[in-house]
Each structure stands twice: as structure tokens, then as C-alpha cells.
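There are 2 protein chains.
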Amino acid sequence: MPGEFAFIHWLRQQQTASSAVPVPAGDDLAVLRWTDADLLLVGVDQVLDGVHFDSTVHSPGDIGRKVMNRNLSDCAAMACLPAGAVVSVALPQGCGDEYAKELYLGIKAAGEVFDCPIVGGDTGSWAGKLAVTVTILGRSAGIAPVTRKGAKVGDGLYVSGPLGGSILGRHMTFTPRVELARKLATGEDIHAMIDLSDGLSRDAGHIAAESGVGLVIEAATVPVHDDARTLSQRDGVAPIDHALHDGEDHELLAVLPPEAEAMALDLGMIRIGKVIEGQGVWLDHGGQRTAMPVRGWEHRL
Amino acid sequence: MPGEFAFIHWLRQQQTASSAVPVPAGDDLAVLRWTDADLLLVGVDQVLDGVHFDSTVHSPGDIGRKVMNRNLSDCAAMACLPAGAVVSVALPQGCGDEYAKELYLGIKAAGEVFDCPIVGGDTGSWAGKLAVTVTILGRSAGIAPVTRKGAKVGDGLYVSGPLGGSILGRHMTFTPRVELARKLATGEDIHAMIDLSDGLSRDAGHIAAESGVGLVIEAATVPVHDDARTLSQRDGVAPIDHALHDGEDHELLAVLPPEAEAMALDLGMIRIGKVIEGQGVWLDHGGQRTAMPVRGWEHRL
Numbered sequence: 001m002p003g004e005f006a007f008i009h010w011l012r013q014q015q016t017a018s019s020a021v022p023v024p025a026g027d028d029l030a031v032l033r034w035t036d037a038d039l040l041l042v043g044v045d046q047v048l049d050g051v052h053f054d055s056t057v058h059s060p061g062d063i064g065r066k067v068m069n070r071n072l073s074d075c076a077a078m079a080c081l082p083a084g085a086v087v088s089v090a091l092p093q094g095c096g097d098e099y100a101k102e103l104y105l106g107i108k109a110a111g112e113v114f115d116c117p118i119v120g121g122d123t124g125s126w127a128g129k130l131a132v133t134v135t136i137l138g139r140s141a142g143i144a145p146v147t148r149k150g151a152k153v154g155d156g157l158y159v160s161g162p163l164g165g166s167i168l169g170r171h172m173t174f175t176p177r178v179e180l181a182r183k184l185a186t187g188e189d190i191h192a193m194i195d196l197s198d199g200l201s202r203d204a205g206h207i208a209a210e211s212g213v214g215l216v217i218e219a220a221t222v223p224v225h226d227d228a229r230t231l232s233q234r235d236g237v238a239p240i241d242h243a244l245h246d247g248e249d250h251e252l253l254a255v256l257p258p259e260a261e262a263m264a265l266d267l268g269m270i271r272i273g274k275v276i277e278g279q280g281v282w283l284d285h286g287g288q289r290t291a292m293p294v295r296g297w298e299h300r301l
Numbered sequence: 001m002p003g004e005f006a007f008i009h010w011l012r013q014q015q016t017a018s019s020a021v022p023v024p025a026g027d028d029l030a031v032l033r034w035t036d037a038d039l040l041l042v043g044v045d046q047v048l049d050g051v052h053f054d055s056t057v058h059s060p061g062d063i064g065r066k067v068m069n070r071n072l073s074d075c076a077a078m079a080c081l082p083a084g085a086v087v088s089v090a091l092p093q094g095c096g097d098e099y100a101k102e103l104y105l106g107i108k109a110a111g112e113v114f115d116c117p118i119v120g121g122d123t124g125s126w127a128g129k130l131a132v133t134v135t136i137l138g139r140s141a142g143i144a145p146v147t148r149k150g151a152k153v154g155d156g157l158y159v160s161g162p163l164g165g166s167i168l169g170r171h172m173t174f175t176p177r178v179e180l181a182r183k184l185a186t187g188e189d190i191h192a193m194i195d196l197s198d199g200l201s202r203d204a205g206h207i208a209a210e211s212g213v214g215l216v217i218e219a220a221t222v223p224v225h226d227d228a229r230t231l232s233q234r235d236g237v238a239p240i241d242h243a244l245h246d247g248e249d250h251e252l253l254a255v256l257p258p259e260a261e262a263m264a265l266d267l268g269m270i271r272i273g274k275v276i277e278g279q280g281v282w283l284d285h286g287g288q289r290t291a292m293p294v295r296g297w298e299h300r301l
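Line by line, the protein sequences give chains Z and P.
Its first residue numbered 1, the first sequence is counted upward by one per residue in the UniProt record's numbering.
Its first residue numbered 1, the second sequence is counted upward by one per residue in the UniProt record's numbering.
Each statement offered as a hint is correct.
Identical chains share a label here; the pair holds if one copy fits it or two copies do between them.
Result set (DSSO-like, lysine-lysine): computed pairs, CA atoms no more than 30 Å apart in a straight line:
#, residue 1, residue 2
1, K152, K274
2, K101, K129
3, K274, K183
4, K149, K274
5, K101, K149
6, K183, K152
7, K149, K183
Hints were generated in silico from the structure; no laboratory data involved.
Every value quoted in this text rests on a predicted model; they were computed, and no experiment measured them.
Assemble the whole structure, with the sequences as input and the hints as a guide.
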């Protein structure tokens, strides 16, 4: 039964040096260099056993990759460059240090894809279930942060890939759209963006509410993932409803003006609707508009 | 049974505007301004039910204050100014939104004492126990970050207050020594510092290891808190042993050169020992030196 300090010693051996991190983990806080030119973006996302993963099914490495990738996807949503992360882990007592190491290596591997080192952390054990929290720091790096506020009447709505049925496995293995987001936001033509974590219907609602506009989604144009069809055969729910309401796709939903349409399509974005006057989200089924039912994920308190 | 989004709406109403936070919580990430002159310090500390607090005993407001104050104490350890925090909360299902709000208000109130706003967060509920994680951002603000590495032979060791027996209540109600730390570090006379979270014996060991020196603590000079005496009457452990080994005092342990001694004493610091050649921590009992037993807190994995 190894202890926290042996584990911390191991953690520190995993760190790679960086000129941007003059004081790495090992003190009470890590120290990072920042510049006037770079805005600092910061956010946090946790994953909880039984909610975001199932520790009896998913490996610690996959759990670690998921929590880091959720945070990297938040960077994509704002079109910033991931710069570093701190990690907090509540381990079930007796899980063993091999489990903790695999979890950590999963987090680290996901971050390394985007040059995002782990710069600090807190590890504890308890008589509870596994909870992992990652806080991510991002740099604006020459691109103004893209928010949910800025959609304008006449803009188009675009998604970066097929949706629905992520629960079949993609919710653990998705790729954060960091590079795509940076390309979409170059030139500052982009008006608003979000990553689809709560489900298209709910996340579109966030953009509508923040921007004070209405959004129309044309059902026939929404790309439906094969997983949504597979799931439909099992549960009888229409594939399009999975695409509209399932969570954890982690594709981008971007709002772009007409002059940016060619660029967006060139980058592989799929147009699914437009911004109109009003407030809320509508679904257009062959010309019939109805208020979008909101069924995406929401935690109950 | 209110939901996550109603709670987030309430959270956003609690936020205060700040010129340093051009994009507050409400997007995927918050945005902060930073300058060339300021190094960014970042760290994370979590509190877990049954380890750092007992949800059947402590109020959600006290739990919130504790987790923020632990992070503020980390800022004190490095002598930086708290600048902002993000919060991640895993709530037991059915705890209710009043409980969540009291928890949040406790975190916020503790931060406000040091002008440290909550700039973002993640709230979830699960079939698990309460876990709260705060990530803190600090600014160097004209003072080089103080680390654990820098103690030199001949330096003095100082603590900022009486130690031991914090479990009787102080572990929930301590005051982070942010202002004192800034004063101690002005002029850069300070060589090393840590906040006493794991216990004096263990935290002194961290400084010894990082600095590559030996530390001698003179038992007769260690300030013993009244709580350590009270606890001694209950458990028969000597008060000095509580002072040396109990965790969560959150006083500062500072290492200063001889020329800074008068300044340290003026600021109310108490001298408890010195830095010698060698490696490790020794306890001096009336001239008799023995290796310091290490009994402070350590999580078992």
C-alpha cells in the first residue's frame, strides 16, 4: 500500500521541462510565464464514476484521457491554445498505485497531443468513488476568444461532425477539435462557438440565450452518426433524436456569417441551420417549424 | 429537485464584474488579463467528505471556506497575490440546491477576503459523497515566487503561530497568511517557505529535501497551541508531539537569513530552529539531537 508521497515522487519524474514553466509541480503552486499579448483562459471539468464513466467497465487510462479531452474540447470551443493543466484526483482507498499511475498517464497522453503539460495537482484517497478534476489554462495566442455571445441574424450554423449515440463508446474516445477551431477563428469571421457536450438541442439553446437570437436547425441537414442508428435499433428512439439530444459528442457548433461559409465548408463543417430574430431554438422538418424539445443532459441537484 | 442550469444561472448572478476578467464564467472558459510583469501561479487543492471534513458535522458554508482557504494558504506559501479561482463540485444526489448555494457562498466569502473572485466552475451530482476542488491562480505582483528550494546553512526557521490540535476545529477555520507572507518576502530576503498542511515534521522534511540541507528544530521553542494541550488531555499524546506532527495548521514555515531575523520577529514570527549541513530534519531536546520522526498526514493509495 504505497503512499501519496511516493506517488508524488513518481509524478514528478514524469514531468518534462518547459521554458514557460520556471517552477514546475513540487511546490505549493506551479509558476508559468505569460505575456501581455496572451489572454489567459481558464476552466475546469470533472468526471465522476457512475456519471461520466463506469470504473467497472472503463480503464483508468481511458478515464484519464476523457477528462483531459473534455477540457481540451473547452479550449476548442473558445479557439484558444491549451497551455497547461492541473489535476485533482480522489482515489478510492485501496485502488493501488498502478491504477493511479495509469490514470495519470492517460491524462498526460491526452494533453501531450496538444502540447499541454500537467503542471500541478492534488492526489487524495477516500472511502468514496473515483472523481477526477482537470483545470485547463489556455492562451489566446493571436486569436480573440470565441464566446457563445455574438451570433447575428443571417449567420449560418455549422457542426464539425456526425452526432448521436456517443454513449456506445465515443464519449470516451472523441478527439478535441482544437486545430479546427483555430482555423475557423482565424481572421475573426467567427461569431460564436460551443463544443457539444450537453447535446445539440441544449447547447444550441446556450448560444441562443447568450446571443439573444433565435436558431433554426434543419432536421434533414443534421449529420447523424452511425452510432445513433445502431442505438436506435436497440431503443426505438429515432436516429435524428439521438443526434439532436444525446450529449458528449464534443463536436463544435460554430456560428459564422455568410461570407465565411465557403471557408467553413472547406474545413469540413456541415451547415445545419441559421440564425433568425427571436429567442430560442426551433427545429425545421420540411418547412414545419416547432420549438426544439430540450432533452440533453442535466445534473439534478 | 432543481437542476444544474438553474443553479448555474444563480451562480452567474453572484459574480462581480472585474476589469481583469473580460469574459467571466458562462462560456466554456473564463478569460483573464495578465501582464508581462506578472508570473502566473497555479495550483489545486480538493477537500473530500470523511477526509478533510465530515458532512454530518460541518456546514456547507464551512466546507466551502475551508477549501478556498487551503488554496489561499498555498498562495501564502509562495508569497503571491490570489487573483482568481475555479471551482469544481461533486454533489451527492438529492442534497438540494440550498446546500449547493451555501457551499458556493462559503467558497466565495473566503475568496473575497483576499480579492479572489470565482471565475468559473463545474457542478455535477452523483451517487457519491461530496468532493470540492478549487484551482487557484495567483500573480507574482512584484515579488519573486518563494519556493521550498533555497534554504541555506546558517538560516533561521520561523513559524507564524502556535501549532497542534487543529482537528479540534481550527482545521476548518484557519486564516490564510497571505498578507504576512507578502511582508516576509518583500526585499527578497526570504530563502524558502511552505504552509503547514501536512504537519511541521513532514513539511520541514519537504524543505530539507528540496533545498538539500538539514534542519534542526528546537523542541523548547516550538509554539504549542492550546488545542494541542486540550487534545493531549484526551489522548495522552504529549502536546509537543501534536505541535510537531498534526496537520492542517496552515501557519507558515519560513526560512530566512540572519540579516532578516529582526524583520521576521517584528512581524510576529517565532524562531524554532536553524538550517545545518546534511540532509533531513532533526529534533533538538535540550542539546540532544535525534532524527525527527515523521508522522504527519499521508494519503494511502
